[in-house]
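Peer 1: Each chain, letter by letter, is given below.
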Amino acid sequence: MSYTSSEIRTLSRLGQRGAVFGNAMAAIAERKDNLKLLTADLALLSGMTRYAAAYPDKFLNVGIAEQNMIGIASGLAMEGYCVFATTYASFIAVRSLEQVRQHLSYLQCNVKLVGSSAGVVAARSGVSHWATEDLAFIRALPNMTVLSAADSLEAVKMANYAADTDGPVYIRLSGGLNCPIVYKEDYDFEPGKLIKLRDGKDAAIIATGLMVSESLKAAELLAQSGIDCAVYNMHTIKPVDKDGLKEIFSAYKLIATVEEHNITGGMGSAVAEYKAGFANAPRQIFIGFSDRFERAGSQRYVWEQAGLTAEQISERIKGEPR
Amino acid sequence: MIDTSKENADRLTKMSKQIRLDAMDMALASGNNGSHLGGSLSCVEIMAVLYGEVLNFDVNDPLCETRDRFIPSKNHCVLSHIPALSIAGFIPREEITEFQKDGGRLTGYPMRKEIGLEYSGGSLGMALSVGIGIALALREKKNPARVYVLMGDGELNEGSVWEGIMSAAHYKLDNLTVIIDRNRLSYDGSTEDVMQLESLYDKFLSFNWHTVCCNGHSTQALLEAFSSRIEGKPQVLIAETVKGKGVSFAENLPEWHHHRITKEQYEQACAEIKGGAAN
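Each protein sequence line maps, in turn, to chains D and X. Start counting the first sequence at 1; every next residue gets the next number (our numbering). Start counting the second sequence at 1001; every next residue gets the next number (our numbering).
Pulled out of the complex, with its shape left as it was, chain D reads as follows:
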């Protein structure tokens, strides 16, 4: 399935969640007889109304009961269904984490978790609705594939990939309506492979989720100061792209990992864990939430406290020896 520029703009307007549930899932339902989509009372918010009406047999709303949702999803998967289960990332990756560990990670049920509003999209709702540790929790579980979408098009591609792959997957969706576009044109999504979005010789930024577009802006700002910074989209947090990372480690003295996530256990940690085995590997700066809960407000306000805006990312890199 390919997308025109105008379709890509439409997906962006819907946001990552809307693009997946208001758009992509219907096409997946068309081609997959054994599909089930489960939600925990987030059908309206996720734009599933049309899907639910068109595919009532492929839809189940379990109410506000995330643990029950993952259990039911697993039971359905044991009987041969390909099951998508979704709610806020803050709930699906935390409230039902033990169910995820037992049934998806250990028993390898064919369930796709889609965590929406990851990071601090739900900025004013406060910490209860933020997902800033979800990557750490899910990444620690064996057998899981962990994906994090940079824009709406990538989110759609991840949903399609997950539907066509046997085994448990976590898809981290972020970004509200009018999600910034990283991919203006269609591209081939290759799971597990870092995507270089911008060349540069002085330093490399490895970013994920909404921080990809923010990092691209940061690289623009750095270029104005004469610093030539590469930008990579690390859309697959697990398994990490060992070959891709190895190339980066040998090409740069400085890398920055940027994520809308706690710096403990997230994408930056995944990079550092692999980097630890290399002699003469580059120095790494971790940009993310610094192991504390910021004060609530607008998303930009929360980002500013943590140093996650393009301006702050570029300033941070500027100040580092390269």
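Rather than coming from a laboratory, the hints here were simulated on the basis of the structure. These numbers were taken from a predicted model, which means no experiment stands behind them. Any given hint could be a false lead.
Each computed DSBU-like pair below joins lysine-lysine, with the alpha-carbon atoms no more than 30 Å apart [unchecked claim]:
| id | chain 1 | residue 1 | chain 2 | residue 2 |
| --- | --- | --- | --- | --- |
| 1 | D | K193 | D | K242 |
| 2 | X | K1017 | D | K32 |
| 3 | D | K32 | X | K1141 |
| 4 | D | K242 | D | K196 |
| 5 | D | K193 | D | K246 |
| 6 | D | K201 | D | K253 |
| 7 | D | K184 | D | K32 |
| 8 | X | K1172 | D | K32 |
| 9 | X | K1142 | D | K32 |
| 10 | X | K1017 | X | K1006 |
With chain D's structure known, arrange chain X on it following the hints.
Peer 2: What follows is chain X alone, placed relative to chain D:
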């Protein structure tokens, strides 16, 4: 059709005796590790009635689509579950005492459908939801198989259980049966002292389940309870049981939830079981 005749009940009572003796062999084999004797002995008759009569399965075709799915939520019932599987023909008799062997295929509550281990339970409060997912799938596929979920009573403290209870009734899952092994003891003592469950009957009834209470050590009562079904409602059997049933020194004592057994205790227990004290 479940055969509720007295002859069948008597046959299953004999099977229960064999399960108890096998359970003692397993308990002895566990040595100083100890084992979950109490909660296994309380559900012996439930296992006998399930594997001896109620469950539809074929040991020569263990993955058969139309097999009934037995989901042990209180998976620490291994000392009665594995003997029942052995009597049914899934597991060789000589293997049952290897249930704690390092890396063994019976160790650690594994999911091994090929030998009748349909699900890896153990962490309480999670299996009912899986059973509901399976029941939904079977109904949609017009598969006549049923789902049986065995739960402990202490497990009902878990909030996730009530999410499941609410949803099974909402989805009108009449192909689902939950059996509560109501032995009234959890690890720390009386379920009513630790966290009150009564009136359990009223709770299930108010959640719109077909609720049946029965003597969980009477194979006759269990057969009749399993036969009682109502269209459009999930079925729950609240089986009143005794923890440690059939072994006088273990009955109704919370410390036998998990305990080691001496050779002398083993001899005494076997003598009591053979003497017919159980039931």
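Peer 1: Taking the hints in turn, state whether each one holds.
Peer 2: How the hints compare with the structure:
{"no.": "1", "hint": "D:K193 <-> D:K242", "verdict": "9 Å, holds"}
{"no.": "2", "hint": "X:K1017 <-> D:K32", "verdict": "50 Å, violated"}
{"no.": "3", "hint": "D:K32 <-> X:K1141", "verdict": "16 Å, holds"}
{"no.": "4", "hint": "D:K242 <-> D:K196", "verdict": "14 Å, holds"}
{"no.": "5", "hint": "D:K193 <-> D:K246", "verdict": "12 Å, holds"}
{"no.": "6", "hint": "D:K201 <-> D:K253", "verdict": "10 Å, holds"}
{"no.": "7", "hint": "D:K184 <-> D:K32", "verdict": "28 Å, holds"}
{"no.": "8", "hint": "X:K1172 <-> D:K32", "verdict": "26 Å, holds"}
{"no.": "9", "hint": "X:K1142 <-> D:K32", "verdict": "19 Å, holds"}
{"no.": "10", "hint": "X:K1017 <-> X:K1006", "verdict": "17 Å, holds"}
Checked against the numbered hints given earlier, the structure breaks only hint 2 and satisfies all the rest.
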